[in-house]
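Here the structure of chain A is known, so what remains is to put chain B in place on it, guided by the hints.
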Amino acid sequence: MRDLLRTLIAALTPQGVTLDDLLPGLGAVIERYPDNTLVRPLDPRVSEINVTRRYRSDQVSHVDLVLLEPLPLAELESAFGPYTVAVPDHPGQPNQAIFFVRQPSQPSDVALIATLDPAGAKATVLTLRPDPH
Amino acid sequence: MTKRLARRQKAFPASRQPRKAEEETPHGRSAPAALAPAPGNLARAPLAARDLLRLQRQAGNRAVSRLVSVRSGAARSRSPHGESNTRQAPAPPQSAAQSDPILYMAPAALVAPASSERTTVAPSGVHARRAVAAGARTVTPGAAAGSAIQRAAEDFGLRTKTSTSAFVSEAVAFWKEAGNKDKPLKDYATFLMDKVNTMLPTTCPSTFVTSGGDSGSFSRVTWSITINTTKFSTNTATDKVGELTADEAAEVADTIYHEARHSEQYFSFAQIMAGEGKDATAIAAAINIPATVAAAAVKVPIKADKKNKAMIAAVKDWGEIGAGVHATYKGLVNGLLDDPEALHRELLGVNAARLAATVAKTGTTIATWKSGPLAGFKAELVRLNQIKKKSKGDKLVTSHTKKIIKLLDAIISTWEGDKTRSAATLRALGKKVVKLDKAVYAAYRDHLHEKDAWATGGAAGKQFRAAAKKKKK
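Chains A and B supply the protein sequences, listed in that same order.
Letter by letter, the first sequence follows residues 1 to 133 of the numbering used here.
Letter by letter, the second sequence follows residues 1001 to 1473 of the numbering used here.
No wet-lab data here; the hints were simulated from the structure.
No residue lacks a Cβ here, since even glycine has one placed at the ideal position from N, Cα and C.
Hints are not guaranteed to be accurate.
Said to hold, decoys possible - Across the chosen pairs, the derived CB separations fall in these ranges:
id, chain 1, residue 1, chain 2, residue 2, range
1, B, 1421, A, 79, 45 to 51 Å
2, B, 1212, A, 25, 21 to 27 Å
3, A, 119, B, 1212, 18 to 24 Å
4, A, 82, B, 1383, 19 to 25 Å
5, B, 1416, A, 6, 46 to 52 Å
6, B, 1212, A, 69, 15 to 21 Å
7, B, 1383, A, 24, 46 to 52 Å
8, A, 119, B, 1406, 42 to 48 Å
9, B, 1285, A, 69, 29 to 35 Å
With the rest of the complex left out, here is chain A:
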């Protein structure tokens, strides 16, 4: 999984990345919505990909990877360092661990957001959000 994440992070760091920039590496389009596109992933470790663009824009806002098998948070921590936890607003929603992947030589950093299982030990969904400098 680390390899996939590194590849996606690299793909999201240029300025103004669009869905079309990412699609060849992600998979085939299942359905297009006004701001997001569901993708059938090429990677067998991912069951679904959802690419959301900024409102009425081609630029990617974030990419959700629904994992086939939950990924231990410790594995992400060893790969990407310390994280902060975001507590959701509503009951029943899972906590999220946020890793800030600094890319000082690139136009954007990338936030890696792990949606956690109820025990808080494993990630069920990984979200990659480019954060332009």
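Below, chain B without anything else, positioned relative to chain A:
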């Protein structure tokens, strides 16, 4: 956020079961030219906190926001199935501007677009309708606070009557329009998102999904509203706009308006942080919002002055519980919402046949509470006691924390001191767990940012229901 409408009726004890709302599908009728901003409410008996929590779990926040604002009254609406219902008569029609004195008092004072996201500042007293019509982004907190007419500190942006009426009138018109009846549900949601995005200080995309328990949910982390149209109706066959009942269509509008309000809350909080001198990086890291949103907020900071003091205090209280110093407390409260109810039901229903199982379950649950929530709340109390000048939100959080700790301590002490483990002692323990359940729910109801979002979305839902009943003149 969960919308499980099919079970809504079951959420109420029979004695307090609301009358079945009459619903009317829109087609064959067209939207009225003007909509009353102050419709009546469903006539329902008062609801206990327990009922509300159960409803919220089963039917979603939107349903609760509607019900908690229930007062009284009666008028009629019509069901496509010929059922009848009693509702309050709507208030006489009044234009949005008439209902909002600030619109008459305040000059338009828009600043030129400040960013690529078309954010503009309305330092005070902006004519919201004109601003929206012009396609501008207005940052309205200062408008309310700076007006010559005083009103509630939180009464800005989406929560103003003007914004609510504008949103609702277009939502109802779309739902009633015959030409839209065969459109997919996502078209309705997209229409609502487009409307609300014209009112927000910074735009928010939608992310449609086909699974998940929520019909709509805002995430400050991704700055998007996730929408699942399969949750729009209790009827699993419903997939077109014309198949949504009035109540369901209102619920969708309520949900999207509520979730959009959360984005407005966090953006306002970011603006205030910017006004206090924090840069975009610091703001993004502090409240877990995207750097792009923090950068937009920094361009339109809100600086404290005499006029906006109350508004800033309100927004800060929302921010602190949403993503600031009280976020951990929020997580503790939200995480404890379900277990007490399950346990007191078990304890109060114990009999000889279930005694061993009940003892085992109680032991497990209480051990979890002792090492988890109780320890967490006690740590929070230490932190809270260090706040010297407490805001309204700080005081609420402190009060609830103390109550919950006291009740948890009492439950644990009673359990650990109970050497008999009889049905009678377990039932006595169950009564204490009921008190805990109520206290946790009361704490949840006092999450100030949710309270504001319930009021904001609830007003939209209420107006929608009233407008949906009107026939074309």
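For each hint, the structure was consulted:
no. : hint                        : result
1   : B:1421 to A:79: 45 to 51 Å  : holds, 48 Å
2   : B:1212 to A:25: 21 to 27 Å  : holds, 26 Å
3   : A:119 to B:1212: 18 to 24 Å : holds, 19 Å
4   : A:82 to B:1383: 19 to 25 Å  : holds, 21 Å
5   : B:1416 to A:6: 46 to 52 Å   : holds, 51 Å
6   : B:1212 to A:69: 15 to 21 Å  : holds, 19 Å
7   : B:1383 to A:24: 46 to 52 Å  : holds, 49 Å
8   : A:119 to B:1406: 42 to 48 Å : violated, 28 Å
9   : B:1285 to A:69: 29 to 35 Å  : holds, 30 Å
Hint violations for this structure: number 8 only, all remaining hints satisfied.
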